[in-house]
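Novice: The listed protein sequences derive, respectively, from chains A and H.
FYI, this note's numbering numbers position 216 of the first sequence as 218, with every residue one higher than the one before it.
FYI, this note's numbering numbers position 56 of the second sequence as 81, with every residue one higher than the one before it.
In short, the hints are calculated from the structure, not lab data.
It is possible that some hints are incorrect.
[As the list claims (entries may be wrong)] For lysine to aspartate or glutamate, the following DMTMM-like pairs were computed, each having C-alpha atoms within a straight-line distance of at most 25 angstroms:
hint, chain 1, residue 1, chain 2, residue 2
1, A, K17, H, D556
2, H, K204, A, D243
3, A, K321, H, D549
4, H, K469, A, D243
5, A, K127, A, E178
6, H, K305, A, D70
7, H, K544, A, E160
8, A, K246, A, E86
9, A, K246, A, E118
The residues making up each chain are set out below.
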Amino acid sequence: MGLFNKNKNKEKPVKVFYASDIHGTEVLWRKFLNAAKSFDADVLIMGGDLTGKAVVPLVAEGDGYVVDLFGERQTVNGEEQISELERKIRGKGMYPHRMTREEVDRVAAMSEDDREDWFAEVMLKTFDSWLDLAGERLKDSDASCFVMPGNDDPPGVEEAIVAASGVEACDGLVVEFNGYSMVSLGYSNPTPFDSPRELSEDEIIRRVDEMVTRVPDLSRCIFNLHVPPYDSQLDTAPELDEDKNVVMAGSEPKTVPVGSTAVRDVIERHQPMLALHGHVHESAGAVRIGRTLCINPGSDYHTGRISGCLMSLRGDDVKHQFVNA
Amino acid sequence: MSSESQALFTRKATGLVREAKTRDALFYNLLWSSVALTFAFYWLFFAFYPGANPYLGFLIAAGLGLPGSFLYAMLTQVMPRTGGDYVFNSRAIHPSVGFAGNFSYCFWLCVVIGVYTTYFASYGIGAWGRMMTGFTGSGSWVEFGDWFSTDWGLFITGTVALLFSAALFIRGGTRLFFKVQAIGFGVYVIGAFLLPMVVGLFQDQAGFLASFNEYAANLGTSGAVEALKTSAGEAGYASSGFDFEMTVKSVSIFWFIFGFIYSSSYFAGEIRMTKGTHLKSMPGAVLLVVVTLLLLMPAFLHVIDYDFNGMLGYADPAAYGFAAGAPAYPELMAIASNSPILGTITILGFSIGLLLWLPQTLLLVSRSMFAWSFDRIMPERLSWVEPRSRSPLVAIGIMLMLSIGSTAVYAFTDWFSAVSALLGLSLTLLITAVSGLVLPFRQKAMIEGSPFDRKVLGIPLFSLVGGLALIGFSTAIFIILWDENSGASLSLNPGKLKLALGIYVVAFAIYWIARMIRKQQGIDLSLSHRDLPPE
C-alpha cells in the first residue's frame with residue numbers, strides 16, 4: 003500500500019479496466035465500452051451479471067402504450083415518446099417490451115419455467131444488440147475486451163458472447179493478454195435465490211484447479227472469479243430471513259459473509275497476483291489474501307454510474323483505483 | 026420468475042429483496058439527533074434567551090431543516106454509497122469539495138463528542154449521585170456525584186465512556202454494538218421521554234416546588250426556592266414577555282436536532298433502501314421529533330415554568346444548594362417525580378442516549394474514512410477492517426484519540442460552548458444543498474434514471490428542493506452567527522468562523538497533496554468521480 007512508495011519498475015504498465023454486475027443497464031454497457039478510450043485501457047474485463055432482472059411490459063392501448071413505471075401509470079404515444087420511455091427503462095436495468103394485453107395475460111399465466119424461457123428470449127434480443135455495439139465501438143481499438151456471464155445470466159448469454167465479434171469469451175477458460183494469464187469462472191456458489199448459474203463449492207474448486215494447471219506463471223496470473231472469497235470483507239451482505247427480508251440488528255441490517263469458501267481456498271493455495279470479483283454489490287473494496295490483491299468494485303447499476311476498478315499491472319505488481327463513472 | 030400484475034415481470038436472480046425497513050432507518054435517525062440532550066441544552070440556556078417561545082423556536086428550526094431532510098433522502102436514493110455528503114458533493118461539484126466538506130464534518134463531530142462525554146459525566150452520573158443525596162439525605166452520594174462535575178471528573182468519565190464505546194467494537198464488532206443499541210434505545214425512550222411526560226402530566230408546579238425544597242434541604246440548603254429567587258434577582262433576572270428576536274436566536278439550540286437528522290444517509294452503501302424508505306425516514310424523523318417535543322414541552326412546563334427555568338440560569342447554584350452546577354432537565358424531572366426509582370430511570374435514560382451516540386458517531390466517521398481510503402485519497406490502512414470483529418479499528422482508533430482530545434478541551438477549557446460546533450457542521454450541509462441545486466445540470470443521466478426526474482413550475486425537482494434546503498441551511502447558519510449565545514457568533518466569537526473556514530483550507534491542502542503523491546504512483550485521483558460518456 004504505502005502512500006509514499008514510488009514505483010521503480012520501468013516496465014510499461016498494462017492498464018486494465020474491470021467492472022461487473024451491470025444487470026441489464028444499457029448506459030453502463032456503453033460506458034464500459036468507452037472506458038478503453040477514456041481511461042486509455044489496454045484490456046476491458048466484464049466480470050458477469052450482464053443481464054437484467056425485470057421486463058416492463060408496454061401494453062398496446064389505442065394508438066399508444068400504457069406502462070406502470072416507478073409506481074405511476076403513463077400513456078405514451080408516437081414513436082419518439084415511446085423510444086424515450088424505452089431508453090429510460092433500459093437506463094434502470096430493465097427491459098421494455100411492447101406487448102398486447104393478451105400477451106401480458108398469457109405470460110402472467112405461464113408456468114415458472116416457461117416464463118424463465120420467455121424472459122431469456124427477451125433479454126437475449128437486447129443482449130445481442132449490446133454485442134453488436136461492442137463490435138462497432140471496439141473494431142478500431144487495440145484494446146482486448148473479455149466478457150463472461152455471471153450467476154444471474156441465463157443460458158444463451160455465454161453462446162452469444164462466444165459468437166460475437168467485438169468481445170472475447172473467457173468463462174471457464176485460461177486466456178492470455180500482454181504477458182498475463184487470466185483464469186475465469188462466472189458461476190457462483192449456491193445462493194438463496196436459486197439463480198441460473200450456481201455450482202457447489204467442490205465443483206468450483208475442481209474447475210479452477212483444472213484451469214490453474216494450464217497457467218505458466220502464477221505470479222503473472224489473474225483470477226477473474228465472479229463470486230468473492232468467503233469472509234474477505236468483499237462478500238459482506240445483509241442476512242436474509244426465510245422470506246428473503248433483511249434481518250435487522252438494532253437499527254442496522256445484520257450482515258454476514260456470503261462469499262465462496264472454494265474461491266477463498268483456491269486463492270490461498272495458488273496465490274495469483276490479482277483476483278477480480280463482483281456478485282456482492284454492497285461490499286466494494288480491496289483486500290489482500292496472502293500476496294493476492296482481491297478486488298470487488300461493487301455495483302451501483304441502478305444509478306446510471308458504473309462502478310469499476312482501473313488497474314495498472316507492471317511485472318507482478320498491481321496498482322489500483324476505484325472509479326464510479 | 027414471478028409476475029406482479031402487468032407492471033413488471035421479474036425472474037430468478039440475486040438481490041431482488043434487499044431492503045431495509047423504514048422503521049429501522051427512522052430509529053437510527055432519531056437516536057442520532059439527540060432530542061433529549063437538546064431539550065436539556067435549551068432549558069439550561071433558556072435564561073440567555075429571555076422572552077423566547079420554545080414552541081415557536083423548535084418549529085422554526087424544524088421548518089429550516091425539513092427541506093434538507095428531503096434533499097438528503099433524495100440524494101441518498103440516487104447515490105446510495107457509503108459516505109453520505111462526501112459522495113454527493115464529490116460527484117455533484119468536485120472531489121476536492123466533497124472531501125473538504127466531509128473532512129470538516131468529521132472534524133466537528135470529533136469536537137462535539139466532547140459535549141456528550143462531559144454531559145454524561147455531569148448531567149448523567151454526577152446528577153444521579155446528587156439525586157441520591159437529594160432523596161436520601163446521605164452526604165456521601167453528593168460527594169460521589171460532585172466529583173463527576175470536576176474538570177478531572179469530566180475528563181476521566183468521558184474518556185472511560187469513549188474507551189467503553191471502542192471496546193464494544195473490539196470485543197464484538199458492530200453486531201454487538203447494534204444489539205446494545207437496540208436495548209439502549211428502549212431505555213432511552215422510556216427514561217428520557219415517556220416517564221417525564223407522565224410525571225409532567227400528574228405533577229403540578231406547587232408539588233414540584235415542595236419537592237425541590239425538600240431535595241435541596243437534603244443537600245444542605247433549606248428554603249431553596251426562595252434562595253433561588255433571591256440569587257436570581259440579585260443577578261438581574263426579571264420575567265420577560267414574548268420576544269420574537271430571542272425566539273429566532275434560540276433556534277440555534279434546536280438546530281442541534283433538526284440540522285442533523287439525516288445520518289442514515291451515511292450507511293446507504295451497505296443496504297439498499299427504496300425511495301419510500303428514505304423519504305419516510307428522514308422527513309419522517311423531523312415530524313416525529315416535532316410530535317415528541319409537542320408532547321414533552323407542555324409536560325415539562327406544567328411542572329417547571331418559564332420563570333423557574335430563567336432563574337436557574339441566572340442564580341448562583343451554590344445559593345440554592347446545587348454547588349456543582351444548576352440541575353438540567355433529567356434531574357429536574359427526577360425531582361418532580363419525587364421518587365429515587367423514577368428519578369434513576371429518567372437520568373439513566375438520558376445518560377444512555379448520550380452514551381449510545383458515542384459509538385454511533387465513531388462508526389459514522391469511520392464510514393467516511395473508509396470512503397476516503399476507498400478513493401485512495403487516504404492510505405488504505407485507514408479502511409482496514411479487523412477480521413474477527415469486522416470493525417474498522419484503525420479508523421475507530423484515530424477517532425478515539427481525537428475524541429479524547431475533545432473531551433479534554435471541554436473538561437479543562439471553555440474554548441467551545443455546547444453548540445459552537447454547529448457552525449462547522451452546518452457549512453457542510455450548505456455545500457450539500459448546493460449539490461442538490463446543481464445536480465440536474467451536472468449529472469443529467471443520474472437524474473434521468475431516478476424517480477425524481479420531474480419539474481415543478483419549470484424547475485427541476487432536485488434544484489427546487491436543493492434551493493429550499495439552501496435557504497433553510499443558510500438561515501440556520503445566519504442565526505448561529507447572529508446569536509451571541511451560540512458560541513460561534515460573529516460578534517463575540519469571530520475566531521470560530523475563521524477556524525471553520527481554516528479546516529476547509531487544511532482539507533483542500535490534504536486533497537491536492539494526496540492527488541499529487543498518487544499521481545507519482547500512477548494513480549490519477551481525478552478519475553475517481555469522472556463521468557464516463559455513454560456515447
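Novice: Decide, hint by hint, whether the structure agrees.
Specialist: Each hint, compared with the structure:
no.: 1; hint: A:K17 x H:D556; in the structure: holds (19 angstroms)
no.: 2; hint: H:K204 x A:D243; in the structure: holds (18 angstroms)
no.: 3; hint: A:K321 x H:D549; in the structure: holds (11 angstroms)
no.: 4; hint: H:K469 x A:D243; in the structure: violated (38 angstroms)
no.: 5; hint: A:K127 x A:E178; in the structure: violated (30 angstroms)
no.: 6; hint: H:K305 x A:D70; in the structure: holds (22 angstroms)
no.: 7; hint: H:K544 x A:E160; in the structure: violated (39 angstroms)
no.: 8; hint: A:K246 x A:E86; in the structure: violated (34 angstroms)
no.: 9; hint: A:K246 x A:E118; in the structure: holds (20 angstroms)
The earlier numbered hints that this structure contradicts are 4, 5, 7 and 8.
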